[in-house]
Amino acid sequence: MSKPDYSQFDATLLDAIRVGKTSFAQLTNHKPLMALARPFCAGTDTPEWRIVDRRLQALRKAGKIKHASQLWTIVE
Numbered sequence: 024m025s026k027p028d029y030s031q032f033d034a035t036l037l038d039a040i041r042v043g044k045t046s047f048a049q050l051t052n053h054k055p056l057m058a059l060a061r062p063f064c065a066g067t068d069t070p071e072w073r074i075v076d077r078r079l080q081a082l083r084k085a086g087k088i089k090h091a092s093q094l095w096t097i098v099e
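The letter at position 34 of the sequence shown is residue 57 when you use this note's numbering, and the numbering goes up by one with no holes.
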């Protein structure tokens, strides 16, 4: 089984953070992002917000974003 390609999702997520959607609530209310999360949930009981959370953590571990004071920011 191959790994899913999150490149478009990650790019949209990073763009959302860049334009000021920096809290988890703002990100999960961002309709384009949630629409991109739906295919990753197909055939499972996983909610869309969980995909957002997983990708935030993956991007944090990759050093592309950081979390401070309840807000996500881009690492320059």
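Worth double-checking, as some hints may not be accurate.
Distance windows between CB atoms, simulated [claimed, not checked]:
1) Q31 - G66: 17 to 23 Å
2) S92 - L37: 25 to 31 Å
3) N52 - G86: 24 to 30 Å
4) R83 - D28: 15 to 21 Å
5) E99 - T69: 27 to 33 Å
6) D68 - D38: 27 to 33 Å
7) S92 - D68: 17 to 23 Å
8) T67 - V42: 27 to 33 Å
9) S92 - T67: 31 to 37 Å
10) T96 - N52: 29 to 35 Å
11) R61 - V98: 25 to 31 Å
12) R41 - D68: 17 to 23 Å
13) S92 - S25: 36 to 42 Å
Listed below are the simulated DSBU-like cross-link pairs for lysine-lysine, each with C-alpha atoms no more than 30 Å apart in a straight line [to be verified]:
14) K54 - K87
15) K54 - K84
16) K54 - K44
Everything labelled a hint here was simulated from the structure, so no lab data went into it.
Ideal Cβ placement from N, Cα and C applies to all residues, glycine included.
Does the Cβ-Cβ separation between S92 and D68 fall within 17 to 23 Å? This hint is violated: roughly 32 Å between Cβ atoms.
Indicate whether the distance between the beta carbons of N52 and G86 respects the range 24 to 30 Å. holds (26 Å)
If I claimed the Cβ atoms of D68 and D38 lie 27 to 33 Å apart, would that claim hold in this structure? holds (28 Å)
Return holds or violated for the Cβ distance of S92 and T67 against the range 31 to 37 Å. Hint holds: Cβ distance 32 Å, inside 31 to 37 Å.
Against the 30 Å threshold, does the CA-CA distance of K54 and K87 hold or violate the hint? holds (22 Å)
CB-CB spacing for V98 and R61 relative to the 25 to 31 Å hint: Roughly 28 Å apart at Cβ, these two residues keep to the hinted range, so it holds.
Is 27 to 33 Å a correct range for the gap between the Cβ atoms of T67 and V42? holds (30 Å)
Within a Cα-Cα threshold of 30 Å, do K54 and K84 meet the stated pairing? holds (25 Å)
The hint says 17 to 23 Å between Q31 and G66; measuring C-beta to C-beta, is that right? holds (20 Å)
Does the beta carbon distance between E99 and T69 stay inside 27 to 33 Å, or does it fall outside? Since E99 and T69 have Cβ atoms about 32 Å apart, the given range 27 to 33 Å holds.
That 29 to 35 Å hint for T96 and N52 (C-beta), does it hold up? Since T96 and N52 have Cβ atoms about 19 Å apart, the given range 29 to 35 Å is violated.
How does the Cβ-Cβ distance of R41 and D68 compare with 17 to 23 Å: does it lie in that range? violated (32 Å)
Consistency note: the structure conflicts with the earlier hints numbered 2, 7, 10 and 12.
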